[in-house]
Each structure stands twice: as C-alpha cells, then as structure tokens.
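Residue numbers (our numbering), protein chains in the order written: chain A, 1 to 430; chain B, 1 to 430; chain C, 1 to 430; chain D, 1 to 112; chain E, 1 to 112; chain F, 1 to 112.
Hints were generated in silico from the structure; no laboratory data involved.
If you're wondering where the values come from, they're calculated on a predicted model, not measured in any experiment.
Check the hints yourself; a few may be wrong.
Said to hold, decoys possible - A short, non-exhaustive set of chain A residues, derived as facing chain C with CB atoms under 10 Å:
#1 12
#2 15
#3 33
#4 53
#5 55
#6 132
#7 136
#8 160
#9 164
#10 411
#11 416
#12 418
As the list claims (entries may be wrong) - Heads up, simulated DMTMM-like pairs for lysine to aspartate or glutamate below, C-alpha to C-alpha not over 20 Å straight-line:
#13 26/E with 109/E
#14 17/F with 71/F
#15 321/B with 404/B
#16 79/F with 62/F
#17 26/F with 109/F
#18 352/A with 87/B
#19 26/F with 66/F
#20 201/A with 406/A
#21 17/E with 50/E
#22 79/D with 106/F
#23 17/D with 71/E
#24 60/F with 50/F
#25 26/E with 54/F
#26 201/B with 73/B
#27 201/B with 50/F
#28 207/B with 106/E
#29 352/B with 3/C
#30 79/E with 15/E
#31 107/F with 62/D
#32 352/A with 91/B
#33 321/A with 50/E
#34 26/F with 54/F
#35 207/A with 54/E
#36 207/B with 54/F
#37 352/C with 87/A
#38 26/E with 106/E
#39 26/F with 54/D
#40 207/C with 15/F
Cβ coordinates follow ideal geometry from the N, Cα and C atoms, glycine included.
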Amino acid sequence: MDEVVLSAGDTAWVLASSALVLLMTPGLAFFYGGMVRAKSALNMMMMSIITIGVVSILWVIYGFKIAFGYEADSPWYGSLSTSGLGDAVSELANNGGVYPIPLLAFAAFQLMFAIITPALISGAIADRAKFFSWAIFVALWVTVVYFPVAHWVFAFGNKVGDTVTGAGYLASLGVQDFAGGTAVHINAGAAGLALAIVLGKRIGWQKSPMRPHSLPLVLLGASLLWFGWFGFNAGSALGASGIAALAFVNTQVATAGAVIGWITTERLRDGHPTTLGAASGAVAGLVAITPACAFVAPWAAAVIGLVAGIGCALAVGLKYKLGYDDSLDVVGVHLVGGIIGSLAIGFFGTSKILGLDGLFYGGGTELLGKQSIGVALVMGYSFVVTLIIGFLIEQTIGFRVKSESELTGVDQAEHAESAYELAGVLKGGR
Amino acid sequence: MDEVVLSAGDTAWVLASSALVLLMTPGLAFFYGGMVRAKSALNMMMMSIITIGVVSILWVIYGFKIAFGYEADSPWYGSLSTSGLGDAVSELANNGGVYPIPLLAFAAFQLMFAIITPALISGAIADRAKFFSWAIFVALWVTVVYFPVAHWVFAFGNKVGDTVTGAGYLASLGVQDFAGGTAVHINAGAAGLALAIVLGKRIGWQKSPMRPHSLPLVLLGASLLWFGWFGFNAGSALGASGIAALAFVNTQVATAGAVIGWITTERLRDGHPTTLGAASGAVAGLVAITPACAFVAPWAAAVIGLVAGIGCALAVGLKYKLGYDDSLDVVGVHLVGGIIGSLAIGFFGTSKILGLDGLFYGGGTELLGKQSIGVALVMGYSFVVTLIIGFLIEQTIGFRVKSESELTGVDQAEHAESAYELAGVLKGGR
Amino acid sequence: MDEVVLSAGDTAWVLASSALVLLMTPGLAFFYGGMVRAKSALNMMMMSIITIGVVSILWVIYGFKIAFGYEADSPWYGSLSTSGLGDAVSELANNGGVYPIPLLAFAAFQLMFAIITPALISGAIADRAKFFSWAIFVALWVTVVYFPVAHWVFAFGNKVGDTVTGAGYLASLGVQDFAGGTAVHINAGAAGLALAIVLGKRIGWQKSPMRPHSLPLVLLGASLLWFGWFGFNAGSALGASGIAALAFVNTQVATAGAVIGWITTERLRDGHPTTLGAASGAVAGLVAITPACAFVAPWAAAVIGLVAGIGCALAVGLKYKLGYDDSLDVVGVHLVGGIIGSLAIGFFGTSKILGLDGLFYGGGTELLGKQSIGVALVMGYSFVVTLIIGFLIEQTIGFRVKSESELTGVDQAEHAESAYELAGVLKGGR
Amino acid sequence: MKLITAIIKPGKFDEVKSALRAAGVKGMTVSEVSGVGRQGGHVEVYRGAEYPIDLISKVKIEILAENRDVDSVINTIVKVASTGSIGDGKVWATPVDSVVRVRTGEKGEAAI
Amino acid sequence: MKLITAIIKPGKFDEVKSALRAAGVKGMTVSEVSGVGRQGGHVEVYRGAEYPIDLISKVKIEILAENRDVDSVINTIVKVASTGSIGDGKVWATPVDSVVRVRTGEKGEAAI
Amino acid sequence: MKLITAIIKPGKFDEVKSALRAAGVKGMTVSEVSGVGRQGGHVEVYRGAEYPIDLISKVKIEILAENRDVDSVINTIVKVASTGSIGDGKVWATPVDSVVRVRTGEKGEAAI
Ligand SMILES: Nc1ncnc2c1ncn2[C@@H]1O[C@H](COP(=O)(O)OP(=O)(O)O)[C@@H](O)[C@H]1O
Ligand SMILES: Nc1ncnc2c1ncn2[C@@H]1O[C@H](COP(=O)(O)OP(=O)(O)O)[C@@H](O)[C@H]1O
Ligand SMILES: Nc1ncnc2c1ncn2[C@@H]1O[C@H](COP(=O)(O)OP(=O)(O)O)[C@@H](O)[C@H]1O
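I would like the entire structure built from these sequences, with the hints used as guidance.
Below, the structure is given as structure tokens:
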C-alpha cells in the first residue's frame, strides 16, 4: 500500500467546512431566537451558546473517543478513554481507511456535529427551560445519546488490510447516512419530542398569541444555516472531491426545492406565502438532503427538497392535533425531514454515483429496508433515553421555570437581561 | 498534452467560493431589507429568497446548459438541452480549457452568479411588487436574459487542440470581464431601470419620508456582501492561484477606496459622512472592481474604487432629476459602477498581469473600444428585453400591488406577516 | 534546496482565512454596536468601517513594507518604501523561509490583522469621538504603532541559507506569538487605555444607565468574530497543515472554556449567567488562545480559556475602581486576555508540538521570561505612543464631540442618521 | 360624557379587552406605558454593573363612555384586571366637553 | 383652556400636522397608539397558526388650546383627517385647570 | 383629585422622577411621546435625500394628585425639568372625577 501523505487541498476544505459548521450553531440561535417572543429571545439563544461550550470541552475529554474510537471494537461505542487529541498533530484521520487530512481536522469537523445536534433540541422547549438544567441536560445527552449514536452511524472503524475493527452498528449494516440524517436530525427530533413532553405546554399555549418577534433575525439564522450547511454536507466528503461537489450542488438544489414546496403549500392552504415559511422550508430542505446528498442525482435532490418542503409544512400542524408543545417544531422539521431524507436514499440512491441503487433505479427494497432500520433504531433510542434523562432532571433540580418567570419572560428570570433597549429613554420600560 | 487531474486545492477554493457567493444573496436581502420601511422589509427580503429557489431549480433543468453548453456552437447561447448534471461527478470543468476542478463545482459556482443577478434587480421595485409576479419575472428573466448573456461573456467554449467551439460572442471578441461587470452588474442595473419604469413611482415618492428602517441591518447586508465577494471575484480564477490572490487584494483595496470616496463626497456635499453612505460605497467599490479585479495592479484598484465611490454617490441623485423611482438605486450603484469598472480595464489593464495593456500602459484604445461594445450590448439587450417582460407581466397577471396594500405595507398584503413584534404586548399594534 | 512551487491547497486555506479575518471587523462593529445605546450605535460601527477603508489603502501604499519588508535590515521596522504589490502576482511569500503561497495572499491575510487591531481600540471611546478625528487617529496609529510592532513580532526576515536579514526584534529574540497576542491584543488594549484617558469619561458615567441596546446584535458580532477567528488563528499557520488543525481545535476549545468561565463567574458573583457575559467570555477566550494556539495541547487550551474567562470577567470591573471610562472594556478583555495568553505559552508550551517546553513541561522559566519581555515592550510602547497621538489630535482638531452632541447622541451629530426607524409613523420621533 | 383611563398589567390586557367588548364597549384606544409605584422593579446586570429597572411595563386603555355607563365600565375593568398583587394599576374618569367622530362629523353620544 | 385629543389614521398625520400649523397651532404632543373599534383588523399566519390582529395602529395628537380656538382646531382636524372610511378616529375636548411652560414658568395663555 | 400631565425633555426624566419621589409622590405613569413646538428639529440625509425631522422625542409623565398637592408637584417638575432652553415642555392639570385602585377597589384619596 502506498503511504498516504497529507493533502493540503483536502485539509483546507475540511478546515473551512469545520468553521462553516461551527457557524451553524449561532445561526440556529438566531433562527430560533427570532421565532420566540422578545421576552425570551436571549434564553433561546443562550441555550445554543452554552451547548457550544459544554460539548467542546467534553469532546476533548472523552467525546471524540466514544464516537470515533475503535479500540473497544464495539458496534455500540468507541473507546471509553480520554481523547488524547493533544499529541495528534501529525496523525492522519482514520475511519474505515486513512484520509489525507490531519486527525485533528477530522476531530474538529465532527465536534461541530456533536454541538449542533443537542442545540437543535432546544427549539422544543422554548420560553420555559431553566438555563442551568439545560446545560446539565446537554452534558448528559451527548454522553449517553449523541456520542454513541454517532459511533453507530459515522464510525467506519480501523481498516487494516481487509479487516475492519470497531465500526459502528449501522455503519457495518450498510445503512447510508452521508452527513447526519439519522445521527443528527432524527436523533434531535426524537429528543425534542421527548423533552416537549417532559416540560409540558407553555402557559397560554394555543390561547395567547406567540408570534415571532423578529423575522429578519429568523431569516439571518436560516441564511447562516444554509451557508454553513455546505460545510456540513459537502465537508462530509472529508476532501475536496467530485463527491463534495455533488453534495454541494444537491444541498443547494434540495433547499431551493423545499423553499418552493413550503411556501406553495402555505399559499394554497393559508392564502399567503410567508417569510417564516420560506425560512422554515429552507431548513426542512437542508435537513432532508443531509443523509442523501452524495447518493442521488441533482434532479432527485430537487424532488427530495420539494417533498420535504411540503411534508414538513404539513407536519408542523401535528402538534396542535396531538397536543404537545414542540414550540419551534423540532419534530415537524428535523424528525420528519430527517426521515424523509433517510428513506429517500432507498428510493433515489443510484449506483452511478456510489455503487448503490435505490428502488427507482431498480435496486429493489433492500436499501430501503436498511434505511428503515437506521431510522427506527435511532428514533427509538433517542426518544426513550431522552425521556429518562429529562424526567431525571425534572425530578431533581427541576427543568421548568416558575410560572411567574415564564409570564414575565424567562430572559429576566434566568439572565437578568432584556434583549432590546431601543427607546433609550425609559430604560426597562418593558 | 498531459492529462489533467483533479486539484484538491483548486477545488477547495472553488467550493468555498461558491458558498461565499451563495451567502451574498441573503446579504443582499439584508442590505435591501434594512433600507426600506419596516412595513415592507419582509417582502424586500423575500424577493431575494425566492430568487434563490427559482433559479437553482431552473439551473439544474436547463440553465447551466444554456449558459455554458457549447454543443450548439452558437455565440449567443449554449445548448438547449437538459443539464444532465447528475452524471458529472467525475468530470472536470471545461470552459476554454480543462480546469482541474469537478464540473459540478464549476456549475455550483456559476449558479450563485445566476442567482444574485436577478436578485439585484429587486431593489428597483421596492415596496410595491406582487410576490408571485416577481417569481414569474425571475423565471422568465434568467431564461431569456441572464443565461444567454452569461454565455456571451463567460463561455470560453470547448477547446480541442487550437479549435474552440461554442464560445460566447463577447468572450471571442476579447471583451474582458473577470467576474461579471457586464453579465451581472450592468445587466441587473439596466433591468432595474426598465422595471422601475414599468412599475412606476411609489405613492408619496419624494413627498413622504422613506427612511431606512434599520441601518444595522443594512450594514450587516453590506458586510456579508463584502465577505462573499471575495468568493465572487477571487473565486472567478477557478483555482487557488496568484491570480486569485491578486483579485482578492484588489477587491479589498477598491472597496476601501470606494467607502472613502462615497463618504467624502457626502461630507462635502451634505455635511456628514453617513453609515448608509459607507455601506453603499462599499457595494459600489465591489461592483466596480468586479470586472477588473484580475487585470489591474492594486494601486489602480484603489483608484477605480475611489472613482466608483464618488461617481455612484453622485449618480444616485439622477433619479430625482430624471423622475424614475429606482427605489434602492440599482441604476446608480450597479449600472454606473459596472460601467466604471468595465471601462476601467481599458485604462488600467496591464500586460504585466494578463497580457493586456490598457490606455494608461500604452496599449492604445483598442481594449477600451472592446469594453465599450460589451457595455453597450449587454445594457441595451437587458433594458429592452426586461421592458418587454415587465410589461407582459403587468398586462397579464399584474406586477404592482393595489395602492391600498402599498399604503398599509406590502408585507401584510402579500405575506400576512409583520417583520417585528418587539413590544410583545400590543400584538399587531402596528 | 528544492524549488518551492505554489501549493493550491495552502493557498486556498490562506485565501479563505483572509476572507474570514476581514469578516471579523464588521463582526466587531456589531459586537461593539450592540453594546452601546441606540443613539450612538451607528458611530460605533462606523469607526470599524472607516478603519477598514483607511488601513487597506495605507497597506498598499507603504504599510506592508514597513511591517514585512526586510530590505532595511532593521529589527524595528521593515523597509520604508512603497509596497509595489502590483507586480507580485507570481512571487511566493517569504518570511523566514519561502511559503508555497502567493505573496499577495500573505499580504491580504496580514492586511486583515492590520485592520482589526485599530478597530478594537474604538471600544474604549464609545459614544463620544469625532468621526473625522478617529479616521486621522487610525492613519497615524497604524503608521507609527501597528506597522512597526507587527514587524517586531511577525517578521521573520529573509532567509538565505542560514543567514536571516531584517527579522523583527521580538521574533529574533524568540518571543512566541502565533497569531497576535502581543501585536494585536495587548497592542490594542494598551492603546485603548491611553485613548480612554485622553478622551475622558462620558457624561453621566456611573450615574446614567448605559445598557446595551441590542444583545442579539452583540451576539451576532461575537458569532462572526468566533467564526472569523478560525481564519485568524488557524490561518496563521500559512498553510493547511496539522499545525493549522491544532490551532483550529485549540481555538474552539479555549473559547468554549472561556464562555463557561465567564458566565460561571457571573453566576457566582451577580446571581445570573448573562448573554453579554457569554459573548464577552467567547471573545476573551479567543483573545487568550491567539498567541498560544499552536504551541499547546487541547487540554491546556481549555484551561487557558477557563482562566481567561474568569480573569477577564473580574478585570472588567477594574475601570470602576481606577476611574477610567474604557467604555466597552478593551483593557479588561484585550489587554488582560492578551497578557494571559502570551504568558500562558511560558507555562503550557510543549516541545511535543513546536520544540518549545514551558514551565509545566519542565522547560524552566526561560520561555516565560521571553514572553514577559514581549508583553512589556509592546504594552509600554503602544501606551506611550498612543497617549501622544491622542493628545496631539485632541489639542489640534479635537477628539471629543461637544457635550450637547453627546447627550443627543453622536449618531445625529456626526452622521445625521438614526439607527432604527421601526415605528414607521412618527419619523424621527426619537 | 367621560373619559375613562385605566392602567393595567400587560398580561391582563387580552382579558380586559374581551370583557369590555362583552359588556358592550365598542371602541377603545390603547398604548404601552411604564409605571412607577409601590410595585418594585428588578435589577439587570451587564458586565458586573447593576442597573435597577424601576419602570414597569403597563398598558393604558382610554375609553370614551356615556355618563350612565361609566360605573359599569370601571367595575368591569377592576374586576377583570385585578390579580390581588401589587401593581394591578388604577382606573380613573375625567370629564369630557365634546366628542366628534372624524369620519362623519357626528357629535356627542352618536360619536362613540 | 382645553385639551383637545385626536385619534387619527397614521397615514393622515403629516397632513393634519401641516393643516394645524397653517391654522396657527404652535405646538402639539404626539404618540403612537393602537385602536379598537368598528374597523376590522387583519389576520397573520405563522407556520399555519392564525393570529387575528384586532389592534390597529393610530396616532394620538394632544393640543392645548384656548377656549376660543377649540372649535376651529377640532374642525380643522376633522376636515383633514377624514377619509370617509371606517376607522378615521375621534376628536374630543376636556377641561384644563392650569398650564405652565417649564422653561419660563409662564402660566395660562402665555404658556402655550 | 387632579391629573397632572407633564411633557419634558427625556434627558431630564431621571432627575424629575427622583425629585418627585423625594417630594412624596408615590406613583406615576410614563410614556414616550414626540413633540412639535418652537424647538426646531434636525435634518437627516440618506443617499443625498434630505429628511427634516421636526418631531422631537419627549417624555410624558402623568400623576394623579390630591388637590392640595397639585401646586407643589407642578412646582417641583417645573423647577427640576427646566434647562432654560426652548423645548423644556409644559405641565398642565385637569380635573378628575373618580379614581379606583384595581387591586383593592379602594376609591379616591386612598387609591393613589
Ligand atoms: N399617582 C399616580 N398617578 C398616576 N399613575 C399612577 C400613580 N400611582 C400609580 N400609578 C400607576 O399605577 C401602577 C400601579 O401602581 P402601584 O402603586 O405599583 O400598585 P397598586 O396600584 O397595586 O397600588 C403604576 O405602575 C403606575 O403606572
Ligand atoms: N369609545 C372609544 N373610546 C376611546 N377611543 C375610541 C373609542 N371608540 C373608538 N375609539 C378610537 O377611534 C378609532 C376609530 O374607531 P372606529 O370605531 O374603528 O371607527 P370610526 O371612528 O370611523 O367609527 C379606534 O381605533 C380607537 O382608537
Ligand atoms: N399647544 C400644545 N399642546 C400640547 N403640547 C404642546 C403644545 N405646545 C408645546 N407642546 C409640547 O411641549 C413641547 C415643548 O414646546 P416648545 O414650544 O418646543 O418649547 P417651550 O415649551 O420651551 O416653549 C413640545 O415639544 C410639545 O411636546
């Protein structure tokens, strides 16, 4: 075997992608922050920010090894040891083969995924969570949910000759997830549902109006997400290759399709295409194409986007029927979008690209079956374990703020701050 | 001839640039959105967002081929066929020579140009356009204006040995446009003028005050544009080369010069250097250096920027004299800036860099003459065809909202939303 | 010696990094702009924007040569000549060795550092500076402070065989500063202190409330800073290498640590973890890891971040004790954070990474001693010279606005604008 | 004709509006105000500096009512807006000399 | 001395202000308010959830006027602010006991 | 019972509030308003287009006071809010028929 030497070009792309994916979490903070009322905008954003803090530290201590270690040779988790990333300056990334990028670049890139996944969950419990309890939740959740699930899906193990050790369960099974439809979106979506149930409905839900306080902020967030998502999806090729370019094009096209799908649904159902709809559609499209982006042709990406845009626009209404207050639609967008995208591979996957044919290309239902296993396993595990963690926290330190604080606004109660002071005269008049 | 193999470094830069250029369109949305009144901010931004949606889909279906196909061997358009981008994972880009980047990366990069060009036009018709009509306009306009014009300017054809087939008219003529002074800015500027004429003046124009509702939003937009423009200009080198670095430096320097030029003009004429002036100056400088960025030395870039800053600051007053309501100065900034930059190549172009000498380097007026042809052809074509499309839409489905909707605010009428709900108490009090 | 050829991969990373670092200055504008009252938000942001304008132009004329020229063979300054960057399209970067990136890419990257450093200072004189005087200050300050200091720290000279000519004083001494702890942050922090003294306290300081007018804007600024800082730190490797990846990971981890450190300090001292604290902590962590990012292991980066978060959270209170109105805490965050980071190398530096051992790795106090020299020299020089420039400007054209303008708001007085017009009805009601 | 002015807690506004409508009040004019009173404020902290916020967000409702309706309107507001905790607000009535409806020029009772 | 209060449509404010100035009114105090009345609101939709917005943006003008000017001021406002469509607003006058100009301490007529 | 209304410069609000509290005033209701008067406005310029801004930011304070306190309250405001420059504002008093405290239903003097 030839010795693999570092490729500066691949490294440049993975580093740039890592920065792009980091930006997605503040992007999410603005997307979510704009959607809540002004009195809880800061708390909404702070949930994302503290997630960056907590997960980054845990990643360096043990997270990276639980997710990508292969020393324990287990399909369920990597190695239970400290990460030891400090000595890895000249090591190349190794995950089912040696990649010509520094191990630390791979670790940085994957860290950003571990950050945004729990941050996504926060949308389900807007306006009512204790900040400190949320931080504890994040620490527990990544440890027992995200890190292991990332191992199942993304860890392709250590390949020596033809022997692979320590690959994740779903990865070895052949479940396809290019950039995180199961590990990130279904995972976060199912967890969001669980937490929405644990914390319960906001006071006045479905009675008081809860309009987004700043749609420009929502749009800014969606834009940063879109921009960063090129790193998320095309960066998952772990190199600047044709596959990366395909993932890039598909990301763009699916998102475009979903914007059109969502606002067309709104136009027909509610009479007007809205800004919130366009922003939501973009995110739905990005979610849906995530697992599939390197396995399908651009025309199929457009179709997947369109379906996700329409599907999620309809799905966000579910909570009113079923009666859970998933405040910012983590279920309707991430769980539903993630499922659409993960299953779509089973239909649109084509061997012209990655050696896999889906149903529409005559590959039969085998791939679709595997995809369904991936969806079900991650969804079930995440939902149940999150429910347990959530209840544990609620029973011990409490997860929900006092109703008085909720009414005044959680920003004041939890952070002693107000988001805006535009008047400049009557300080704190609001 | 050596076989060309993929360069990961060049690919990394083109992918990063594509992401940067995508970000410019939301950047434009904020730049424009901040400049209008709060009651039409959402509509302003939605015109950019839907443009991303519509153009991305058309690009995959046929746009890329009309612009960059060479099979028809026509100077006026590429091939009239479906794009077939799905199979292109391992093909390299081919445009007057083979570039060591995936064809899909090239397609993604050029798509972003096709998106922002029509989005630029929307500034001319702020506060008064029907959203659906705008979407139809975008679809028609890119099809009959942008895709062909991009072929004229950017398509260098298929080169086999010394034979080139299917190069665009202006490209074969030797008209220089590195990153889109003619195809993007003059094109959008002339179209903006045409649409401003079709839609007519806003109610209360020059009577009621129409102040920007959020200058921080304007500045955010300008900042994202500036940031993304490095991808636009330096990415147009299609590789991470010395030319890319030159384009990068020139972009920075010209923009700096234009900021200074614009606010100095304001200081002298109006008494104060303004934030809106600084943001506008930045955009004017970016526009002007776009065609010239790889053909001139940095000192010349500074001069071009300075001239553009002053020139555009003066040009935005024209509309009041001539009586057309080009609301956000698409003509004053993009048409005028684009002309300044395109002609500047004829003066400052230097053979030290690309083998072309302008007037100031003793190269005579030949280059200047060619540049003038490029300017005139694109300006004339875009203006006339846009006028026709605009009138067609106005006569059929209508392009302008009812005057009642215009007074209440087009956000409510077209999108049933309000941009801000900061008070949190008197929902919809405004 | 083998001939060095251009590396597209390294170039791609340095160009991307340059764009990222440019974005930091608008990021700073928003970070600072959100922190002041609405009536001076524009002026705050304009100080950053004009800095981009002024420094970019000076850089091309002579700045790059003062900082990175080696022709004069002086430890104190580069060459006093025009930059002549225009001819440098095919030259590679040369700074203590030949780097496989275009000289222009290096020049662009370093320009962005020269821009943000003076922009940082503006936070010390919020709400009360004349805009024109600030622009003059920036021009003088970069010329006699930043350009020379950058030479001391960052210029490794021209290496031919074993002979090096024209290296900077601190660089030859072996003072370590990977990405600008001394040259950027201590430099700006000391200058901020000097200017705060020159301009004096704001009217009503410590009496009237001066709350941040928009924390979402502050958070946006901090996010863009964070994102851009990956270019700042990892880009300083001047290539897409393992060292770049280490700098990247350390940047992330230290920032995470500092967020946690700052808000925990707040929680314990003031009762609540705040959004402003999280944003400030992020910046403090970024500042502190800047000099050290390529010399320490990730665990040490987390510790440095934590210490910086706590240290700066405590240091921002100093101004109330000592009685200078460093309005946005340039001293408390940049000076203190820069010192923490620069000295930290003396403790945590490890030969496993760059051949240097700090105190904790058994390297003794030698490194720590050198670092102290670097800190003291830059701090002293910057403070004294800034004091002189500041007083000169105050005595001649005046640096502070009239007290009447300060009360009404410096935006109206200096720029004849208002940041927001959200009501849309009572134009200018405020 | 009287002008009834009520200062109430923002959270009670929707309820009061509905109750007034149910009680036959056809129109009212509403604004956001800040109140100073017995009700304490709260403290905000920015980078360690404390800002006592003693102005509290309130809603002001103004209602033109015929003399015979004044008491019932006031009673409705007091009943619905009261939470029993400090800061519930005040309601007062002031005399009005004349009223005109802008649209029609109608005066007095016909105008409201 | 009377206090004239007018609630009008925001779009009419500039015209009313000019007309009042032309009619000799030297000062006024203006604020943004929300009105409830016969005029219907509109509906906004966010992710499929409907929000009926029944508060309508209005401008409130307050003018201190001497008794002899009250009628002409009211008439001016009614004339200029009227569009003939529902929601044009109301104008009313209330008695004032005393007025002081802060700058000079002048009282009564001299103060306005 | 009277209602005292004061229009003052925003920069003077904090001082006036403190002075009133020191003088025994227990509560007040405050809002942001815009004033038109002798005081000139300023001009803003956007892309060369001039916008004359003739509305000036003011703060409005409303205080319910017993008859015997009216003069002292007005005097306090006038004294503290005056800067001697144009635009310092006005203070006026109007009659009040009745007042109720929402929390307790207390009426008249007991309500303020
Ligand atoms: N004397 C007053 N004049 C005008 N408004 C008052 C006065 N006193 C109180 N208010 C208003 O009533 C609100 C509630 O008053 P407060 O004293 O806090 O509680 P309560 O009415 O329950 O005794 C205040 O926030 C203020 O807006
Ligand atoms: N009884 C009232 N008291 C105070 N303000 C009122 C009253 N009725 C109406 N208004 C104000 O007048 C505005 C217009 O009233 P509306 O009934 O909609 O139309 P019109 O005055 O044309 O009959 C309302 O928005 C509200 O601000
Ligand atoms: N006739 C009036 N009715 C109501 N408010 C007025 C009147 N005249 C002035 N004001 C208010 O008083 C403020 C100050 O008035 P102005 O004429 O500018 O100065 P001054 O009170 O010092 O003479 C104005 O901005 C306005 O809010």
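So, going through the hints one by one against the coordinates:
no.	hint	result
1	12	holds (4 Å)
2	15	holds (6 Å)
3	33	holds (6 Å)
4	53	holds (4 Å)
5	55	holds (8 Å)
6	132	holds (8 Å)
7	136	violated (13 Å)
8	160	violated (23 Å)
9	164	violated (25 Å)
10	411	holds (8 Å)
11	416	holds (4 Å)
12	418	holds (8 Å)
13	26/E with 109/E	holds (12 Å)
14	17/F with 71/F	holds (17 Å)
15	321/B with 404/B	violated (27 Å)
16	79/F with 62/F	holds (17 Å)
17	26/F with 109/F	holds (12 Å)
18	352/A with 87/B	holds (7 Å)
19	26/F with 66/F	holds (12 Å)
20	201/A with 406/A	holds (11 Å)
21	17/E with 50/E	violated (37 Å)
22	79/D with 106/F	holds (12 Å)
23	17/D with 71/E	violated (32 Å)
24	60/F with 50/F	violated (29 Å)
25	26/E with 54/F	holds (13 Å)
26	201/B with 73/B	violated (43 Å)
27	201/B with 50/F	holds (18 Å)
28	207/B with 106/E	violated (38 Å)
29	352/B with 3/C	violated (23 Å)
30	79/E with 15/E	holds (11 Å)
31	107/F with 62/D	holds (19 Å)
32	352/A with 91/B	holds (13 Å)
33	321/A with 50/E	holds (15 Å)
34	26/F with 54/F	violated (34 Å)
35	207/A with 54/E	holds (15 Å)
36	207/B with 54/F	holds (15 Å)
37	352/C with 87/A	holds (7 Å)
38	26/E with 106/E	holds (16 Å)
39	26/F with 54/D	holds (13 Å)
40	207/C with 15/F	holds (11 Å)
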